[in-house]
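*Asks:* Chains A and B, in that order, are what the protein sequence lines are.
If you count by the numbering used here, then the first sequence holds residues 867 to 1074, one letter each, in order.
If you count by the numbering used here, then the second sequence holds residues 13 to 396, one letter each, in order.
Just to be clear, a hint being listed does not mean it is correct.
Over 12 Å on every C-beta distance to chain A, these chain B residues come out as not near it, computed from the model [to be verified]:
| id | residue |
| --- | --- |
| 1 | Asp-22 |
| 2 | Ala-45 |
| 3 | Thr-104 |
| 4 | Leu-107 |
| 5 | Arg-144 |
| 6 | Asp-252 |
| 7 | Arg-352 |
| 8 | Ala-359 |
| 9 | Val-360 |
| 10 | Lys-383 |
| 11 | Gly-390 |
Facing chain A, according to a computed beta carbon distance under 8 Å, are these residues of chain B, among others [as the list claims (entries may be wrong)]:
| id | residue |
| --- | --- |
| 12 | Asp-164 |
| 13 | Arg-167 |
| 14 | Val-168 |
| 15 | Ala-174 |
| 16 | His-188 |
| 17 | Glu-190 |
| 18 | Arg-196 |
| 19 | Phe-308 |
In case anyone wonders, no lab produced these hints; they're calculated from the structure.
Here a beta-carbon is modelled for each residue, glycine too, at the ideal position from N, C-alpha and C.
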Amino acid sequence: MFAGPIQDLIDELSRLPGIGPKSAQRVAIHLLKSPPVEAHRLARTIAEAKDKVILCRVCFNFSDAEVCNYCSDPRRDRSLICVVQEAPDIVAIERTREYRGLYHVLQGAVHPLEGVRVEDLRISELIDRIDGSPALDGSGAGAVTEVIIATNPNVEGEATAMELVRLVAPLPVRVTRLASGLPIGGDLEFADEVTLGRALEGRRHLGG
Amino acid sequence: MRVNELVLEDFRNYADEQVRLAPGLNLVIGRNAQGKTNLLEAIHCLSGLGSPRADNAALVRHGRGAALVHADVTRVHRSLHIDLEIKPGRGTRALVNKTAVPRTSALTDVIVTVFFGPDELSLVKGSPDGRRRFLDELVVKLRPARDALRRDLERVLRQRNALLKSLRAADPSGVHAELEVWDRSLCRSGAAVAAARLEALRDLSPHASKRYEEVAGGGSLTLSYVSSWLPEELAGSISDGTAEIDASSLEEHLAARIERLRRAEVERGATLVGPQRDDVSVRLSSQGTMLDARAFASQGDQRTSALALKLAEHDLLSESLQDEPILLLDDVFSELDPMRRAWLADAVRDVGQTILTSAEPLALETLRAEKILEVREGRIDVSG
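The following block holds chain B by itself, in its conformation from the complex:
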């Protein structure tokens, strides 16, 4: 899939700008704070998952009411036109071929992107929240309809937390038959979300491990789902493919854990267990020892792992969608050492449409870009 032409109106620092993109590697150069990342952000918005770094209000050019993004895109052999209208506090309205889509997440059916910026470099090092979001977005990119599962879980959690809070206030030691209904809702939605995540993680693992070996020149990377309610052996045998993912068995494990935490949850007035607290662990092995990358790996290894995860995401999506997602690389070269730079430059060759930004002209030599765009104060010029 690819974006052929992009028009930005009042989007970030772009007043009214039009740009044609090449099907292969597009290099976007310019000094800092000229609008390079904003261009990637606009393309990311076309995939229906919003901006990777800010809310809607930040996307609208200062003093304007709405930002507009128009794009001519190709998915397999279909040519489609996407229009987005982004209003602060009002969400985003999306049209595909001039027909409104019910919600922007439906755009994932048309455009899928893999975004990698400086924040993603800390995917392995950072908080569990970032890894959950990575996995949840991967789930939606693989199967757009599964977005409903996560939305349902969020709603169940909000309702259940509100109930727990009022139970705590009213009668913390009583018997709460009312809570049982929300326990069952939580088990059902929680198990569905966990099953979707486990499936995505299982399919991602071999790609991540392969990419890690390539970039690190040896060693191995293992991904596993970490959860307080799912037995480690079961999570392990699901991720290595020896056990089937069975939503009803997941439901039972979650139910058992909720049962044990009932009293503590009422006392705290909050849900203490479920997929909203789970995590993904990344373990690296070198010379026969397995280490938790988050706690023990060097900064360089953590970055290599993060890079491997994002490229693995691209590999898995290409395989599963039978079409290459658009790769958006935001200023990552400057953060890498020469060895990893060379490797990344090699890896992004022939992976479908890639848009890569850089503030340093140095990166140019190792890349064979099809198109070079220069961004200066919200204007885009073709420079090669």
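Next up, chain A with everything else stripped away, as it sits in the complex:
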């Protein structure tokens, strides 16, 4: 055990995700050995980020303004909403440069074990967005026509997708789900059968 303030720092750091006691100790020692200005800069940056970053009023992405960059960008296609679990998922989809629509961040997935239920997700806000979309500029143009569900392809993500379908289906929009299937550049013979089965299920019509 270290003396008071050092141990306090280690304890605080080790509460962060992905940082165990050893890493926490290494980071703490590094901070203590570095010039005071560096530690102060880090402390200030954390505090500033925490103070300035809020959730976008429309899509619940992290943002430093009331409405985030995507939601306020007039070049984006307002008829599409891609629904993701967490903000970093947006970064992943943006990297594809394939998608020019809007987003909606659920802030999680249903997870009864951790006490996360449907009402804890931002689903009612999504429904309001779809319902209210023509009224936003009064013209009716830009109304949402398609909701793309991009939750994770695991047990909790799939359950969340089913909830979304149940709740969004009564509305006059197309509901789609990201396909799951084969990795590009891979060989069919090396694909595991569960993935291959999913790929077969979601096969695409090419002609004929």
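Position chain B against the provided structure of chain A, taking the given hints into account.
*Replies:* Okay, now just chain B, sitting in the frame of chain A:
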């Protein structure tokens, strides 16, 4: 497939031991509590399914941080090197040819074993849990990727049970739209697991029946899948091959049963139906009557059935993998009468690599072992 060389470091009572194994029958002898079973356990770990009898913590030598197992193995015509690092509470890390595999169950692609010890002798007599595990492991040995199906089902069940528990606490008589999503997840994963099990059982049946006739000198053994949600006729016609295995029809049967149990499940706060509660029944016929082996067969017949099931597993895997799995027989001879002993000694001849332990030198005479290893206090000596 076979293990050519095995190195154990801090594994159970082995500090640092190296042993070469013969491609055929290896006999491991020694008094009790010297480390014979530990040797089989290490080989079983190479197959990625963990220890057949204990958790990781028990595998590490007392006072040490990690156990290491290194092996040179042959699969078809490929020579591979496997390294395992087993840490209590941290799981097992596996390398194949010095490259990390994503999860240890991927080792099933390289090494497959059939383990038979005193506990397996009660496979037929024991609880449904043991028979489900037997069948689920067979599924994974046949198709390693199907391990994901069982993991998904377990996860769905944990989530669904948590939800049922909180519904019970909040509003036991309400309408639970939220539950429907988990019902569908359960039907989907449950049907996938059941379909995989039914397929494995259907393919195992003829082998089991043949092995039983051989060892019992007549009579017949029938395996069937027992489930509260799957109609008996359908399960029956799937196992005798007259009906196809159709996952969507299984899903419908499971859904219908869940629908009927909805109220009871919310009241109990737990899932009451699904493959996690299914079983395999073993029935024996002699002189024209069919009997449930678990309830009515003699202890000897139950053991004969268990032996037939494990050897059938070996037969099915040999046929399906086009390579013989490694047979691990842990001190089973001492548990058998002379007639069954003689039969088993005959059955394990020419079935690929076999490692057999015995505390009794008696068993030696009937077996023609290629190699005899003597274990004494965590040291292994070649004695013949």
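*Asks:* Return the numbers of the hints above that this structure violates; sort them in rising order.
*Replies:* 16 and 19
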